[in-house]
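Colleague: Line by line, the protein sequences give chains A and B.
Counting in this note's numbering, the first sequence runs from 1 upward without gaps.
Counting in this note's numbering, the second sequence runs from 1001 upward without gaps.
Worth flagging that the hints you see were computed from the coordinates, not collected in a lab.
Take these hints with a grain of salt, some might be off.
Where chain A lies over chain B, by a calculated footprint (3+ residues, C-beta under 8 Å) [to be verified]:
no.	stretch
1	1043-1056
2	1097-1108
3	1126-1133
Not the full set, but computed from the structure, chain B residues with beta-carbon under 8 Å of chain A [claimed, not checked]:
no.	residue
4	1113
5	1114
6	1122
7	1123
8	1165
9	1179
10	1183
Just so you know, even glycine gets a beta-carbon here, dropped at the ideal spot from N, CA and C.
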Amino acid sequence: MPPERHAAARDLQRLHPSSLLFGVGLAAKRLLLPGLLALLAFGRKEPELWLILLFVPAVAGTVLHYWSYRYRFAEEELIIREGIITRNERHIPYARIQNIDLAQNPLHRRLGVAEVRLETAAGDKPEAIIRVLSLEAVREMRSRVFIGRPAAGPEVPTAGGPSVEPVHPPARVLLQLPSRDVLLAGLISNRGLVVVAAALGTAWQLDLFERWGLLLTPERLQRIPLFRAPGHPLGAAVLAIGALIVALALLRLLSMGLALLKLHGFLLSRRGEDLRAEYGLFTRISKTIPRHRIQTLSIRESPLHRWFGRAEVQVETAGGVDGQEASGADRIALAPLIPRARLPELLRDVLPELELEAVEWRPIAPRAQRRLFVRFLPLVLLLAAGAVAVLGGWGLLAAVPLLPLAYANARLQVKYTAYALTPGAVLHRSGWWVRRLSVARFSKIQVLELRASPFDRRHRMASLRVDTAGSGRIGQPFVLTFLEAGIAAGLLERLSREAGRTAFRW
Amino acid sequence: MSFSDKQDPASGSEPARPALSAAGPPPIGEERELPLDPAFVDAQRLAGGILAACVAAGLLAGVMALVFALPALPALRWLLLVAWLAAAAALGALALVWPALSYRHTSYQLGAQGLRLRRGVLWRSAILVPRARVQHTDVSQGPIERLFGLATLVIHTAGTLHASVALRGLARETAFRLRDQLIDSSEDDAA
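Chain B on its own, in the form it takes in the complex:
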């Protein structure tokens, strides 16, 4: 099975969403594109929210400094505060909306050829790591990922730009299963 035309990154239409499967990645032979774990959206929102809060705080500090440096114009003060509010709202909206959007456009598939990874909202990319080219793998969890029961599968290859291909937003057990299935047949290609 190849990347079907309606789902290939070059088409402008929305990719058809495969049904969510609670059983994790399919066994080899059943080739279906799978989305990430839905908890990833919340995890991204949390991370994004924290980042947005930090940036907004920094901006606030800057605005405050400006406000105290230019005391003579009350209208200007209000303008600056309003501008900051607008910026903070924009950041918050972005942190809220972007994860869901990027979730819709991310999927993976473990096929006979290898691991296919599709991601990107505006700049769409489809990455394929042939089974035979997997050098070794990492499964890692940051603190936020641990909170949501997620993990990142990092596949190391001998490539340059794609020396490590990271698949974020998998459920922890899914990541391990995927890794096991990937390593299983790639061991035929010993260095």
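Isolated chain A, as found in the complex:
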């Protein structure tokens, strides 16, 4: 063992003894609900046995954890060692620790201890939760970690003396949506579908359909003039189609109503380095989006968007757990609806390093066309089989036009998919029906992955995935698929160089 390890062994510190108490309490809290359920299900005969079975492992685990937990202050990092069965040694560089937060309930305060949360820039959740340390130990930790720097948040005033008032630059409006546009956004996005689906799902769960079905007896239906079916199959078909159209229209109306509730008075403004989005009818939300927290930006155009000459812009943000700012990872609609003509202007304000006009788009491998076509064949076969089952021999005739459709789809997909590199970011556009453009800045690239499935390898292709903070939560991860293998490898090198060259700042 290297000599410094011997010296360090003397500096090993342990948790406060009351950790045992809090650990057991936490285990009890976590096991309460499952314990009750298990007790009710199985333990009616011998409840004591079941209680023991449940709680003894938890208590044993807590004791082992307390017993094996050690930490010490090395020169540049905090080292935490824990675990008996699986031993873990975690090194957290001091420079990466942004906050040391404390959580104290009345019992903590009584005993003079606290639950310590070390926040390392990672926004989402604390990187280390230490249960529990004495306040004395916390003070020592703070002094060691924050040597020479203020134990505060990331923003430090630069110009002038310490008592300089931060200047509030004037706000500049980037986008303002009148109610008409809000309704249009609702119409296009059709979020009503989600709500209705959820409602239908709940109704099914509660057996509401069965109850309503019982009410709608044939006699009652006949009384309603609408349902006095003419008995003619064509009439029934017309009726069914009519009902469907009405249902779809109502769905769109619902979407528009929801959009109005959520996005009424949408205002996107810029104050210095931050963007601010305000929206909402009854609940007014004001979100501050620091520009440097934007990880990826994506622009979306569905066919309806294109018909109305609009687009939708969304950003993914990450980092920051203080009160007003965008907390954790989030996907925000920067511009739920924006006229296409105003896109370049907005992008210049949000990501100045991006120049959409001067972008050189590079295509994906042309062989991808064949692969995409082949991917669709199972679906085509399925539809053909269905058509044959329903319509007999004529079904094949109906299925024939599916093949050229699949071919056209594959061709169009390859035509509209491309990637590009600008001085500060990597871009990816895809989709011909619903068009998407994603932007990932070099400074936000985290991990790069080159992937090749057996099919990829056969065709000498690969896909490149750019991992960013908070990506792919609800939206789409940044993946360049169907690249030529050599090009993909080259791109990996280039992006890794760019990522290495830029510092990552939360």
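Assemble the complex: chain A is given as a structure, and chain B must be docked to it using the hints.
Modeller: This is chain B only, laid out in the frame that chain A set:
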């Protein structure tokens, strides 16, 4: 040095195997792809064997239950037992063969750009963690790893899918050395 063409995941050929080095990871500047510790194959086999045994035992229980539920056909009983034997043999073979196969296709390299990790037999992947993006690291050892003197190096980043990149099958000292070398220069990029 980049991923050379003959070793990139998109090629169908076997990657050229670099010579095993007993001295651990090379110092920075000497960029060579390194395999995992050979003891990892045995560790994986042990773990795989245990798992296979558990699954086989479970299957046996199921087969026994079936056998007693259908007493009238002795031929069926034999058929079920033979089927179970075949399944258990297959599981055992898999536990024996897969670790060696996956070992051949796994390698790592600590270069100037960052840590490169190559793995995957059928679905091949090459992961690159730039030095500047390492948030913090863990070195952990499960019970089987301790038995063989191995450890796992987990690198935490700010990413989502790759929020933690785990490199399993390193010798314990190698894991610590690798960690030290990785942290050394990544500290230039303070948050």
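Colleague: Could you tell me which of the hints above the structure violates, numbers in ascending order?
Modeller: 1 and 2
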